Amino acid sequence: MATISRLFVSSDDLHAYVDEMLPPRAASRVAAALEQDAEARARVAAYQKQNAELRRLNAEVLDEPVPAAMAEMVAAARREETRGR
1221 MATISRLFVS SDDLHAYVDE MLPPRAASRV AAALEQDAEA RARVAAYQKQ
1271 NAELRRLNAE VLDEPVPAAM AEMVAAARRE ETRGR
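Anchor point for the sequence shown: position 37 equals 1257 in my numbering, and the numbering is continuous, going up by one each time.
Since the hints were derived computationally from the structure, they do not count as laboratory data.
Just so it is clear, the structure is predicted and the values come from calculations on it, not from any experiment.
Accuracy of the hints is not assured; some may be wrong.
Listed next, with one range per pair, are the computed distances between beta-carbon atoms [claimed, not checked]:
| hint | residue 1 | residue 2 | range |
| --- | --- | --- | --- |
| 1 | Q1256 | D1283 | 37 to 43 Å |
| 2 | V1294 | A1266 | 40 to 46 Å |
| 3 | E1292 | E1255 | 42 to 48 Å |
| 4 | V1294 | L1274 | 16 to 22 Å |
| 5 | E1273 | A1296 | 30 to 36 Å |
| 6 | M1241 | R1261 | 16 to 22 Å |
| 7 | A1296 | M1241 | 19 to 25 Å |
| 8 | A1297 | S1230 | 25 to 31 Å |
| 9 | M1241 | G1304 | 33 to 39 Å |
| 10 | M1241 | V1286 | 18 to 24 Å |
We put the beta carbon where it would ideally sit given N, CA and C, even for glycine.
Working from the sequences, and respecting the hints, build out all of it.
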């Protein structure tokens, strides 16, 4: 896989940055890389556009309550995950 920036920012880093899932220090590192890498900036813009379109297309579903059975499945999976730690 090619390096996206001289500061080495992976595609995973860019996706996490767009999704605001990076810790502050990592987000700062990605932001610094974006300042010097036009290709990475373009990719981030494309990911942001894609996210906005997905939110627009799924707006009605996103406002619906989570079905109880599905919420319980997620809770059970989280409990199982924490047991493994």
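Which numbered hints turn out to be false for this structure? 2 and 9
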